[in-house]
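Produce the entire structure from the sequences given, and follow the hints as far as they go.
Number 30 in the UniProt record's numbering belongs to position 30 of the sequence shown; there are no gaps in the numbering.
For the record, the hints were derived by calculation from the structure and aren't laboratory data. Check before you lean on any hint, since a few could be wrong.
[As the list claims (entries may be wrong)] Calculated pairs, DSS-like style, for lysine-lysine (alpha carbon to alpha carbon, straight line, at most 27 Å):
1. 53 - 63
2. 53 - 40
3. 127 - 63
Since the structure is predicted, the reported quantities are computational estimates derived from the model, not experimental observations.
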Amino acid sequence: MKRAVITGLGIVSSIGNNQQEVLASLREGRSGITFSQELKDSGMRSHVWGNVKLDTTGLIDRKVVRFMSDASIYAFLSMEQAIADAGLSPEAYQNNPRVGLIAGSGGGSPRFQVFGADAMRGPRGLKAVGPYVVTKAMASGVSACLATPV
1 MKRAVITGLG IVSSIGNNQQ EVLASLREGR SGITFSQELK DSGMRSHVWG NVKLDTTGLI
61 DRKVVRFMSD ASIYAFLSME QAIADAGLSP EAYQNNPRVG LIAGSGGGSP RFQVFGADAM
121 RGPRGLKAVG PYVVTKAMAS GVSACLATPV
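As C-alpha cells, then:
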C-alpha cells in the first residue's frame, strides 16, 4: 500500500474559520451550535444549526463563485488554507499526478434544490432554472468546484 501524506490543513466551520480559531474554540469548549430564527420561521422541527460566520464577499473571484453553493465556497476557502499551510506553490500541485485532494459532501445545497424544483413548477418550467443552479444543487458540486479553479 502506498503512503499518503497530509501536508496542509484548512478549516471553515461554525467554531472558527481557520486552524487557530477552531483550536481556541475546542480548548475553551465553545460550541458552534446556536438557535436559528431562520429555521424556526421556515417551519423546521429543529431550530438549531452550526452556522458559519464568515463574510465571503470578495474572497473568491466572481467568475468562479457564481457556480458555488455555500458548502462549495467554504470547501474552496478551506482548500486555499490547506495549500497555504502546506507551503505549496501552484507549480507543485497543478498538473501533478502525485498531488490529490480529499473532500466529502453529504449532498448538494438543499436551498438550490428546492429553488430549482419550485422554479420548474412555475409557468416557465425548465427555462426558469439558470445554469448556475445546477452546479450549486448537485451532490458533486463541492468536488467540481474544488477541481476546476485551481
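Going down the list of hints, with the structure as the test:
Between residue 53 and residue 63, the direct Cα distance comes to roughly 23 Å. Compliance with the 27 Å bound is thereby established for this hinted pair. Restraint check: the Cα-Cα separation between residue 53 and residue 40 comes to about 19 Å, which is no more than 27 Å; the hinted pair holds. Distance restraint check for residue 127 and residue 63: the Cα-Cα separation of roughly 22 Å lies within the 27 Å cut-off, and the hinted pair is therefore satisfied.
The earlier numbered hints are all upheld by this structure, with none contradicted.
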